[in-house]
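Got chain A sorted already, so can you dock chain B onto it with the hints?
If you read the sequences in order, they're chains A and B.
If you're matching positions, the first sequence starts at 1 in the numbering used here and goes up one per residue.
If you're matching positions, the second sequence starts at 1001 in the numbering used here and goes up one per residue.
No wet-lab data here; the hints were simulated from the structure.
Positions of the beta carbon are idealized from the N, C-alpha and C atoms, including for glycine.
Hints may contain errors.
Unchecked claim - Subject to a maximum C-alpha distance of 20 Å in a straight line, what follows is the list of computed PhoX-like cross-link-like pairs (lysine-lysine):
1) A:53 x A:132
2) A:146 x B:1003
3) B:1243 x A:42
4) B:1196 x A:154
5) B:1196 x B:1243
6) A:70 x A:38
7) A:42 x A:53
8) A:38 x A:53
9) A:146 x A:132
10) B:1003 x A:38
Stated by the list, open to error - Distance windows between CB atoms, simulated:
11) A:70 x B:1221: 41 to 49 Å
12) B:1024 x A:112: 31 to 39 Å
13) B:1222 x A:104: 54 to 62 Å
14) B:1224 x A:102: 32 to 40 Å
Stated by the list, open to error - Examples of chain B residues toward chain A, derived with CB under 7 Å:
15) 1037
16) 1045
17) 1062
18) 1066
19) 1068
20) 1213
21) 1219
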Amino acid sequence: MAFRELVLEHSHAMFRLAWRLTSDERAAEDIVQEAFLKAWRKLGNFRMESSFKSWLHRITVNTAMDYLRKQARRKQFETEEPEFESVPMGTVTPAIDAQIDIRAQTEAAMMNLSETERSALLLKHFEGHSIKEIAQIMEMTTGACKQTIFRAVKKMRIALRPLVTT
Amino acid sequence: MSKITDDDLTLLFYGEHDEPALAAMVAESAELSARFDSLSAELRLADNFVPPHREDDYGADVWRQISPRLDLEHLESANRIKTWLATFSQPRFSLAGALSFALVAVLAFTLGRNGGQDSITEPLNPVNGTAIALADIDSNRLLTHSVSGHLEQVNLVLTQFANTTETSPSEAEYATDMLVANRLYRQAAASQGKHKLAAFLADLEPLLIELAYQAQSGSAATRERMQQEVRNGLLFRLRVMNKQLDKPQISV
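Looking at chain A on its own, in the form it has when it is part of the complex (with noise of 0.2 Å):
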């Protein structure tokens, strides 16, 4: 299949993953278009008989990795300014009216795992990817990828719940 074609199919899939990691659209386009340059470079350790899909989200995820921690490494060098207004963790999150926002919840919620929680997260929720394609997707063993799911489904059942009764 010729690589535009693989681009036309995959781009908004890409997308979607991508702005679910950074929860930033420019971001996520940015990732995307470099993800997909980076599968162009990178076509030999493309295993034919394994998902094309799956290969696209592990260089995905690792984009957008790559892109949180450089987030967070400018952030801290920000805060260690004393020139500028630092922000408490914790606090980063979207304005909320008095009403309850369940999408900016459930956004607050995700973002407020670890990066490496909400991958394997995203990847069983929305990509419907088995433990075992996740667990290869992030270079982990599937067991340590069981318990990183269920640790996020934890922390995400916590956030969440007070929504559910109301």
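The following block gives chain B in isolation, referenced to the frame of chain A:
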């Protein structure tokens, strides 16, 4: 089954639990059903984590953004190829080299097969006249190595072709050489049961034929169509196949 944990229910929710009886147990137990319903309701809330909408042509937009950078990388490769091709002092080097490899590969396979052994112990004298001792050369590895070299040459020539607007007599010459070698390698691959590789080489042939016989006399539109075919699909498959040949654990 021991006590059902929330982790078990999570696996059940995602269809990953390997205990077939669990679903029935949950259905039969009011307590387990309540726990499972609660977990399901909470996890389903995650579905509200909806990304911004992208238009249907988003993929095309991504392609427009990245394709110039892909072309740039192609051009860089093409420049390297020009230098590489310019170093050949003998115009038919490609044919001699390709035929040598092909002949060696075919003979290696034939001798290995007919002799009922996997290795060749008789020395051969291939096209270029150099005596080569082939003791202990595994016919399978030899073919793989030879085809890999062939695909590398095809890759170089097609990349050059895809990135130049002017026709060149050497294009047809190289394509003719490679067509001959390609057929030999295809037959050798088929004989060795490498059907995926043989099929891929068969797919290459029509383009090589066209390049050898029509690219020079055809219209600009024909050349553009062939270039698109090379850029959009063939180079991609070629690179993947060649890399797979480098990895002996991958069956081709």
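Okay, the hints, checked on the actual structure:
Between the alpha carbons of residue 53 of chain A and residue 132 of chain A the distance comes to roughly 14 Å, so the proposed pair stays at or under 20 Å and holds. Straight-line distance between C-alpha atoms of residue 146 of chain A and residue 1003 of chain B comes to about 18 Å, which keeps the hinted pair within the 20 Å bound. The straight-line distance between the Cα atoms of residue 1243 of chain B and residue 42 of chain A is roughly 10 Å, inside the 20 Å bound, and the hint therefore holds. Restraint check for residue 1196 of chain B and residue 154 of chain A: not satisfied, since their Cα atoms lie roughly 46 Å apart, outside the 20 Å limit.
The hinted pair formed by residue 1196 of chain B and residue 1243 of chain B meets the criterion: a straight-line CA distance of about 14 Å does not exceed 20 Å. With a C-alpha separation of about 18 Å, the suggested pair residue 70 of chain A and residue 38 of chain A falls inside the 20 Å cut-off, and the hint holds. Between the alpha carbons of residue 42 of chain A and residue 53 of chain A the distance comes to roughly 14 Å, so the proposed pair stays at or under 20 Å and holds. Between residue 38 of chain A and residue 53 of chain A the alpha-carbon distance is near 14 Å, which keeps this suggested pair within the 20 Å criterion.
This hinted pair checks out: residue 146 of chain A and residue 132 of chain A have alpha carbons roughly 9 Å apart, not beyond 20 Å. Our distance criterion of 20 Å between C-alpha atoms is broken by residue 1003 of chain B and residue 38 of chain A, whose separation comes to about 46 Å. The supplied range of 41 to 49 Å is met by residue 70 of chain A and residue 1221 of chain B, whose beta-carbon atoms lie about 46 Å from each other. As the Cβ distance of residue 1024 of chain B to residue 112 of chain A is approximately 36 Å, the hint placing it in 31 to 39 Å holds.
At about 56 Å, the CB distance of residue 1222 of chain B to residue 104 of chain A agrees with the hint of 54 to 62 Å. For residue 1224 of chain B and residue 102 of chain A, the hinted distance range of 32 to 40 Å is not satisfied, since their beta carbons lie about 52 Å from each other. Interface hint at residue 1037 of chain B: violated, since its Cβ lies 10 Å from the closest Cβ of chain A, which is beyond the 7 Å cut-off. Interface hint at residue 1045 of chain B: satisfied, since its Cβ lies 4 Å from the closest Cβ of chain A, which is below the 7 Å cut-off.
For residue 1062 of chain B, the shortest C-beta to C-beta distance to chain A is roughly 5 Å, which falls under 7 Å, so the interface hint holds. The beta carbon of residue 1066 of chain B comes within 5 Å of a beta carbon in chain A, closer than 7 Å, and the hint placing it at the interface holds. For residue 1068 of chain B, the suggested interface contact is broken, since its CB lies about 11 Å from the closest CB of chain A, more than 7 Å. Below 7 Å, beta-carbon pairs count as interface contacts, and residue 1213 of chain B has none with chain A, the closest being about 24 Å; its hint is therefore violated.
With a least beta-carbon distance of about 23 Å to chain A, the hint placing residue 1219 of chain B at the interface is violated under the 7 Å criterion.
Consistency with the previously given hints fails for numbers 4, 10, 14, 15, 19, 20 and 21, ordered from lowest to highest.
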